[in-house]
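Dock chain U against chain B, hints included.
2 protein chains.
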Amino acid sequence: MTPGTFEILQQAPGAGARLGRLWTAHGPVDTPVFMPVGTQATVKAMTPAEMEDLGFQIVLGNTYHLNIRPGVDIIEEQGGLHRFMGWERAILTDSGGYQVFSLARLNRITADGVIFQSHVDGATHVLGPESAMAIQRRLGSDIAMVFDECAPYPCDRKYACQAVERTLAWAALCARQPRAAGQLVFGIVQGSVYADLRERCARGLIELGFDGYAIGGVSVGEPHALILQGIEDSVRHLPADRPRYLMGVGSHQHMVEAVARGVDMFDCVMPTRLARHGTAFTRAGKYPVKAALYARDPRPIEEGCGCYACRHFSRAYVRHLMNVGEILGIRLLSIHNLFRYEAFVQEMRGAIRAGGFAEYAKGFVEQYGNGRDQPGRDE
Amino acid sequence: MTPGTFEILQQAPGAGARLGRLWTAHGPVDTPVFMPVGTQATVKAMTPAEMEDLGFQIVLGNTYHLNIRPGVDIIEEQGGLHRFMGWERAILTDSGGYQVFSLARLNRITADGVIFQSHVDGATHVLGPESAMAIQRRLGSDIAMVFDECAPYPCDRKYACQAVERTLAWAALCARQPRAAGQLVFGIVQGSVYADLRERCARGLIELGFDGYAIGGVSVGEPHALILQGIEDSVRHLPADRPRYLMGVGSHQHMVEAVARGVDMFDCVMPTRLARHGTAFTRAGKYPVKAALYARDPRPIEEGCGCYACRHFSRAYVRHLMNVGEILGIRLLSIHNLFRYEAFVQEMRGAIRAGGFAEYAKGFVEQYGNGRDQPGRDE
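In the order they appear, the protein sequences are chains B and U. The C-terminal position of the first sequence is numbered 1026 in the working numbering, with every residue numbered one higher than the one before it. The C-terminal position of the second sequence is numbered 1026 in the working numbering, with every residue numbered one higher than the one before it.
So that you can see chain B by itself, here it is in the shape it has in the complex (with noise of 0.2 Å):
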């Protein structure tokens, strides 16, 4: 299948919610989809086998990080992202507008871009459009992001509105530039919580004509109501024909929202970086693995569940490889993260499938974490 085709395989009745499969030039992304995030060439603490075996069709690499260690030049000569990295499937690369945003110390944006200094040694960068694009070409990623402003909440209309301006000219620019073979290129909607500002990002971005469509600049610390707000003002203007993307999103809740909603990709870090501080997610809810109570619990992390953490560990163990700082735990703890967002999205195409999905989200909704985040002893 040519890159870029995204077929839409069955549409929940009564819901936004659709099946759908995008195809890339490393093979097929079967949607909804959750893609982990391999923010320095590797989903942490995961080698490439072991996600593969976990079903994942794709991950994320972050281009702010990967440009400042090891820096581009590296990557592209030991042959891309992909073989530096020893992943064959797709890889997504965001653009690093977020990151220059919020974890650099910013100096001055201009048209061109930002200029920054980086977190790690307070070098100066700049990342704009045309190098943000050229950084992802030459990676070689499957899906490269636009460079775009994301706005902070809360934000006064004013600043969104320049930054929305911002992020379309910029999106003009980068839908101008060089790809790598078969690349496929997502526009971002920004517009904070103003519906206007989001129609006028969607508009204008479709005018540009994208592969996909991202949404950013949502659940930046807003009350949830305007999380499902600003999904809806973003995907009512989006063409159902191509696919949609939440930008680092990725509670349980959230996603079986927005899949509603007709979004069809997420990423987060949060089944990784939540496993290195001992938090287990389970279909009821997550659970602090590493606290004094499982000290002598012989359950495996999630009862019923069939990861390679479960079927030969227990709570007892893990709790004690956390306690006393030892990687193993953070490797089980990571892998049945995984395989929990894997099977939740699995869970959720099933229920697409099967007709169900309208049923399947009331149901969760109502039941995920309520009083239960944290399994008890006679659970």
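These are computed hints drawn from the structure, not numbers from a lab. Some hints could be false.
Partial selection, computed: residues in chain U whose CB lies under 10 Å from chain B [what the hints assert, rightly or not]: (1) Met-648; (2) Ala-696; (3) Val-719; (4) Ile-853; (5) Leu-940.
Okay, the calculated bits of chain B under chain U, using three or more residues with CB under 8 Å as the criterion [said to hold, decoys possible]: (6) 678 to 692; (7) 714 to 723.
Cβ coordinates follow ideal geometry from the N, Cα and C atoms, glycine included.
Chain U in isolation, oriented as in the chain B frame:
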């Protein structure tokens, strides 16, 4: 086969080296053997499945550490150390004597054992021949070690003599303690650099009768010639039909020299500890993959190596991972280093089987690390 059975399959002509198989309650252990160290109920950064895939038949656990965290109560309650850590092959536990003398804040030595303060929280513990054996029984290890006193280097004759007498008195107590089903117990020859003390210790232990004999207090800081002397002064008095275990020694050079002198078993933290420091072992020596020199090196950690890390990743990638503090870097180097150690003992076994061990050992000692500790770009 009954646990404790030690088959000597071949004896190298003109050398002390022998090919053997020691049977434990959890299967056979082919010798010469290298036993990776799993201090806190995990070989650092590795899963049990990976350890099995690498071919290891036995790993170590540390009584001192496990007794402090998570505590023997918890491990026993969870079904013993094998089940707790998900390892179905053999486990050897040390007695904790070494750590009590080297790691803890020593309080007082009595005939019954040692009163000390934990290196973790300063809590007061007591460990002695009876409690060390009881803990190892409850952990359910396949091979338990007697509680001994490992004299430091340098050590005056009077103190070394005292330590030997204490070690023998404690060994006599240890020999009388109840054991786990099928558990073997090894005595430990001490005596510092004094040949007659090592003889005295070995003879005393043999009189008590153990399933195997370890050589302790060697490679604790003394020069190379004294290391070999300490091995020879111990081995010469040990029964030929019982396995011999050189404790804590694991440089390739020492191992080949010790095998030539009739040693069968080794353990060492080096492959995994040096992995965490960014150092790789190769056939030719060891080198720091972490060094800037390898930032653009497309070759695997070791050329011609068949391990997972070398089949899929470049030095440039591993160097990047270590440089940015990614767990995967430690994992890949641990896999490679352990693969190399296992390949090394298998090579020694092959040389003994083929009747060419003396030549192999000579060639190895002459070549290894001979100015080639750090492979160059044009290796």
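Tested hints:
1. Met-648: Hint on Met-648 of chain U: violated, closest Cβ of chain B at ~27 Å, above 10 Å.
2. Ala-696: holds, 7 Å
3. Val-719: At about 12 Å, which exceeds the 10 Å cut-off, the nearest Cβ of chain B leaves the hint on Val-719 of chain U violated.
4. Ile-853: It is violated, given that the least Cβ distance between Ile-853 of chain U and chain B is near 38 Å, above 10 Å.
5. Leu-940: violated, 13 Å
6. 678 to 692: holds (count 5)
7. 714 to 723: It holds: at least three residues are needed, and the stretch 714 to 723 of chain B offers 3 whose Cβ sits within less than 8 Å of chain U.
Of the numbered hints stated above, those contradicted by the structure are hints 1, 3, 4 and 5, listed in ascending order.
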